[in-house]
Structures are given as structure tokens and as C-alpha cells.
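A.B. asks: Now for the letters of each chain:
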Amino acid sequence: MKVDNSLPLEYSTEENSLKILGFWIFLGAEIMLFATLFATYFTMVHRTGSGPTGAEIFEIAPVLMETILLLTSSFTIGLGIHAMRIGNKKATMVFFLITLLLGAGFLSFEVSEFIHYVHVGATLQTSGFTAILLTTLGTHGLHVTFGFFWGLFILLQIKKRGLTPETANKSFIFSLYWHFLDVVWIFIFSFIYLKGMM
Amino acid sequence: MDFFKQFAVPHPSFLIYASMVGIGLTMLAIVVGITYFKKWGYLWKEWLTTVDHKRIGIMYLLSALLMLFRGGVDAIMMRAQLALPDNTLLDSEHYNEVFTTHGVVMILFMAMPFIMFFFNFLVPLQIGARDVAFPRLNAISFWLFFMGMGLFNLSFIIGGSPDAGWTSYFPLAGNEFSTSVGTNYYMIAIQIAGLGTLMTGINFMTTILKMRAPGMSLMKMPMFTWSAFIANVIIVFAFPVLTVALAMGTMDRLFGTNFFTTANGGMDMMWANLFWVWGHPEVYILILPAFGLYSEIISTFARRNLYGYKSMVASMVLISLLSFFVWAHHFFTMGQGPVSNSIFSITTMAIAVPTGVKMFNWLFTLWKGKIVFTTPMLYSVLFIPLFTLGGVTGVMLAMSAADYQYHNTMFLVAHFHNVIIPGVVYAMLAGLTYYWPKMFGFMLNEKIGKWTVWLLSIGFVLAFIPMYITGLDGQARRMYTYSESTGFGPLNMVAFFGAGLMAVGFVLLVYNIYYSTRYASRDISNDPWDARSLEWATHTPVPEYNFAITPKVNSTQAFWDSKKNGHELFPGKLEKIHMPNNSGLPFIMGCAFFGFGFAMVFSMWPIAIISLIGLLACLAYRSFEKDHGRYISVEEIEETEAKLRGAKK
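Quick mapping for you: the protein sequence lines, in order, are chains A and B.
Numbers 1 to 198, taken from the numbering used here, label the letters of the first sequence in order.
Numbers 1001 to 1649, taken from the numbering used here, label the letters of the second sequence in order.
Because the hints were derived from the structure by calculation, they are not lab data.
Each hint should be verified, as a subset may be incorrect.
The list that follows gives simulated cross-link-like pairs (lysine-lysine, DSSO-like), each with its CA atoms no further than 27 angstroms apart [stated by the list, open to error]: (1) Lys1368/B - Lys1220/B; (2) Lys1626/B - Lys160/A; (3) Lys1626/B - Lys89/A.
Produce the entire structure from the sequences given, and follow the hints as far as they go.
C.D. replies: This is the structure in C-alpha cells:
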């Protein structure tokens, strides 16, 4: 494996730069996936049948908590990648750990939010609106869950193998994924929750 | 007993039982054969675990040919049923299942793997690369496609085939009207295969952007690689839409959600929109690589550079953009209003412009060319008038007001077969004949090949031109019979005869493969057609590392230049080559997906969860795995090169 030391560690081999480009293209596909969900959401937002509307079930407090937790985690993963760039293994691990804990916090709020929805009679089966609402939120939540385990495995690898071109590459790609989930959340927050509560 | 009842076929008939026995015996024969000849180890080591793009390509090819046969049998059954008025060969349920699976199999499990075969086999060779960007992901793509295909085909012997049409419109495809598990199979099998396709799209976009040989700028890429690139861009942007639509459809059927119902706020037209937002670009995912192949073949056998290279590229880019803005022309008559219909009418007709540019470029390439009428060239030359006919009827259909006459008639059926058969199928068969020597080291018989072309073409004209006429007269599609007083009888009989001729053509193709395998000369050069692009510059059969020395490119026809103008294609000396290791993981993940999909179809949750855990375990294992591939040493390369040069001068 040829390592080019003039480049950041995560780009330093040919394989690494291929993987980063491939992941950007994957994110393009993910944008289409979420765009389709949003388009369907906007089409069906008023098709509530006999079920509740968004304004009736949304609660600002847990949503704000989720937003704060997830946006902060995007900041900490940025710090983690910065620590990785300057070669500080310990700081990288600490920031990764904080990110994952914030992600887990987000998920626990989201689970209780879902329980609340089911409790007030907004289940998957209630109406076209609740179906697309829970599917859109659920798809994002599943992405975060998947990301949690993915990040955890990378953290274990950094601990065991140190900052190599391979682990650096994985961390960087993971950070792209995590930031992306944040961007999607900003859209969810603005166009589903805020618009729904207005 | 109740548990087993769900696996029974809901509308069994003699034909289904006979095919079940046939399939069972064939499977048994394969297993016994492999065991008898002790080939399990070979199969596992050389094929099931392979990450070599050429072998993955050949596995795609085998799947495509197998499915061509299956979809073809469906077609013959339909034509036989309609050959006579008031025919009772198939009953209405069986007919529904047959036209549904014919459509799905031919588009998604025949045409798609066929183009995947060309992507896999050709793109790395054409751009002078050692492999694709992500060889392991490539194997996963194939196994996901393969398992999706297997699951879909299983529907017809376990639990019942889908019967709501290949477009699976809701509410017809909902639980209320499609009571068997058939539509579950549809949703889940296509989902699995579609995920594989999406990964292929990402893989090949990266490969083409990053792994081209030195000197090959984007505007020096061979035309097929260009078409592959654009098709893969469409894949990456269109397939996620299908993923979402299928997931919603699955939830409607399995969990009782209200996405596409007609009550509780559901919206059945949402399905039609999402399906065609994917479905229309899908048509161009199929046709653009076909155009790429025609460009290669026509320029080779007209012995001229392709006319209008830049306009060829520009027209493909334009087609790919327009393909996303025409989806609503699939439901002009479903009440969307004159403004929307007019807009989609115009965007649809606009596609004829860049397509016309390509047509004229091919004609200008032929103009003053020294044309050699080989089998692949014959396909390409016949493609031009036949495809144009299909294009013209397409513009007729694009006129939304007139579409109220054609909608859901045989006219439409004739139109899309008229673009897909001469457009895609001919290109695939032409490409197959053209690249056969590169794959297997011998040529297909030219005489039998030309008979095949003519039988297919005469059969095609007889099979589909009558449908234009009966369609204009009002024969509806998807109806299993019609009465004698309609007068559709004689024309449908002609169409049946044409379908029979096409069937003979396809049998002849198989015979050609058998005949040539036995008798064709193995003593051919690396470049038997006197071709122009890089894939012909390496040995036949292609060594696993493709090129011993990375080629250096200076024009769109680098290999032609090296032959005619003395351009040095392989400067430099041998170096050790890095190659990826084989892996069983992709195949195992494919099996886990198959188990998951099958369990989901029948709502067997424990099995579904176990398969899902298995799948996630594979991903976790992969995350921790350390695999840096291996090196092929210089001595080993020299040995391989010497052997290949010795075998064929």
C-alpha cells in the first residue's frame, strides 16, 4: 500500500480517496431517499383521515431536546476529526465517545416521543399522515441507530489499532454520515415540527 | 396444517404443476451433477466467492439468459392465449400472473443484469483499470440482485405469483384486491435486487471518475463507458425513489398502514407517481448503455471514428435530465388536468430531439464507411429503422389528447416492445456476439448468428405490427380474452406466429452457443474484429489483472491509434500488481437477505429477525476485518504473459 504523507491521513492511500468519493455519491443517493420521503410527507400532511393532525400531537420540549443533542453531536464529531488530523488518539476517542452518547440520548428521546404518539392514538395505521410522519422520523432514527453501532465499532478499532490510514479513513467517512443525519434533522425540525406546530 | 396452507399456490393449473415438476427435476439434476463431478469446491473458490469483475459479469450474463428464457415462455403463453377468440388455455388469474411476471422479469431480471454484465465486463477494460473501485461491494451487488431474482421466481411455485401488473398500481395491489402473497414477493424481491443495483451505481460512478488510465480525460472515454457513466448517475438518483415506494407498499400490505389506500387519508395516486419517477428513468438506464454498444459496434464495422462524439455525449446528458421530467405521461388519463398534461406532453416529445441527434450521428458514421456486415453489425443496422418506428409511435403516445384513444390498449404494448426489443434486446445480443471472443476465446458462428437476426426481426415485425392495428381498434391490454365479434382474431393469430418465430430465433441463439463451443476455432487473435478501443488490446482470455502494464491513452481510439499510427499503448515496465482477495461474505450476506425476504413475504417474524441479525453480524464482522489484498509478483506476471502469448499469436 502506497502512503502519500503530503495528504491528510484519511486521504493518504488511493483506496482511501476512492472510498471517500464513493461515500459522497452514496450520500447523493441518501438525499434522494429523504427527498422522496419529504415529498410524500408534503403531499400527505393534510390527509389525516379521522386521526389527529400534527398540531395536535407535536410537543416542542422533547423535539428541542432532540435537536440540541443531535446538533451538539455534529459539533463534537467535528472536534473528533480535528483531533484525528493532529494525531491525538486519546482526544479523538473522547470526542467520538461523547458523540455516540449524545446520539444515544437523541434516540432515547425519540423512542419516548414515539411512545407518546402511540399513546395519543397516532399509530402507523391511523392515517396517511401518521404513516408518513412515523416513517420519515423512523427512517432518520434507524439511520442514527445504525450510525451509533457503526461509530462504536470504529471507536473500538481506533483503541486497538491506533490512528492508521485505515481507521482515519473510516472515522472521516463516519463523520460525513453523521453530519448528513444532522442536515436531514434540520429539515425535519423546520418543515415537519415547526411548520406543523404553526 | 394451517401453517403449510399459506405456501400453496392459490390458482393452481396443470401448467403450473408441470413447471413445478420441471423446476424440481432441473434443480436435482444440477445438484447431482455438481456432486458427481466433484465441482462444489471449484464452484465456491472460483465463482461464489469471486470479486473479479469479469467473472461477476459472466454470472450476470448467465442470470440474464436464464431469465430471458423464463420471460420468453411467459410471452409465448400470453400470445397463445390471445391467438384465438374466447380461448381457454389460461384462466384469467393465471393470465394476470403471467403478464405481471413477464414484465418484471424482462425489465428487472433480464434487461438489467444484461446491462450489468456489460458494465462489469467492459467498463474496467475500456478505461484501462485493474478492477472496479470496490470489488467486494461489486460482489455484494451481484448476490443481492441474484437473491432478489431467486425470490421473485420462487413466487410462482410457493404461495402464488404477483398479479397486479408490473406497475403494481394501488389499490389493486393492496390487500383488499390482491389477496395472495404474490404482491409481497413483488415488493420485497425488487427491493433486494434494487439495493444491489444502487450499489452498482455508486461503484461504477466512482470507478469511471477515479480509475481511468493516464491520458484518458472524460472527453476521451469510449462511448460505451460514457453511456455506462450516465446510466449509473441515473441509477443513483432514481433507485432511492423506488426503495421508498416499495418500502411503503410493503408496509401497507404487511402492517396495515395507509399510504396507498383509498380510506383514512391514503393516496393511491402517490404510488403511480413514485413508481414512475423511478420507472421512467429506468427506461433510460436500459437504453443508454444499449446506445453505447451500438456506437462501439457501428464505428468498428463502418471502419470509421464515431461521427459527432461531443454531440453524442451531450445528447445522452440531455436525455438523462429529461428522463426525470416525463413521468406523468404514464397516466395522462387519470385526471391530472390539462396544464399538467401539456407540460408532460412537451417534455416527453422533447426527448425525441437528442435521440434524433444520436440517430443521425450513427447514420453519418455509416456514410462513406467501409461497412462489414457481421452479425453484431446486422443487429445494429436493423436497429435504426425498427427503433425509429417505435420512437415515432412514442411521439404519438406523447400527445396527451390523443392518448385517450391509445391508453391501455395493445397500441401501447406494441410501442414499448418496439423500442425495447430493437433498442435494448438487439443491442444486448449484438454486444454478446461482439464480445463473446473476448470472454471465451472463440467466436460464435456467423451463419447461425445471421439466421438468428433475421428470424428475430421477421418474428418481431409479425408479432408487434398487428398489435398497433388492434390497439387502435380498441383491443385492451391485460385482458385475457376477447369475443369473436371484435374481429381481433386473425391479427392476433399473426402475432402468435411472429412470437413463435422469435422463439425459434432465441433457440437458435442457444444452439449457436452450443455449436460454437464444440466446433469453433480456438486459434483467434486478441483482436478478431479489428476493433478500436482498449478492451481489445489485452489478451484473450483476459488475465485476472487485465493489463500487465497500465495503458497510456492519447485519443478516443487509443488502440486503433496504436495499430495504425504506432502510438505506444503500454510504455514502462512490469511492476507488482495489487489485487483484492476473494471473500465468501458477499454470498453469505446474499443468503441472509434471501432468508429475510422470504420470511417477510409470509410474515414469519422470528425467522425474519434471525436473518436480520445474521446480516448485521456480517456487517460488524466486515467492519473489524483486516484484508489488504495481495500482490502478484513480476515473475508471476511474466509467466502468465508468456503463456498467453504462446497460446495465441
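A.B. asks: If a hint holds in the structure, say so; if it does not, say that too.
C.D. replies: Outcome of the hint check:
Note on Lys1368/B and Lys1220/B: the hinted pairing holds, with a Cα-Cα distance of about 24 angstroms set against a maximum of 27 angstroms. For the given pair, Lys1626/B sits about 12 angstroms from Lys160/A by alpha-carbon distance, which is consistent with the 27 angstroms threshold. With a C-alpha separation of about 20 angstroms, the suggested pairing of Lys1626/B with Lys89/A holds against the 27 angstroms cut-off.
The earlier numbered hints are all upheld by this structure, with none contradicted.
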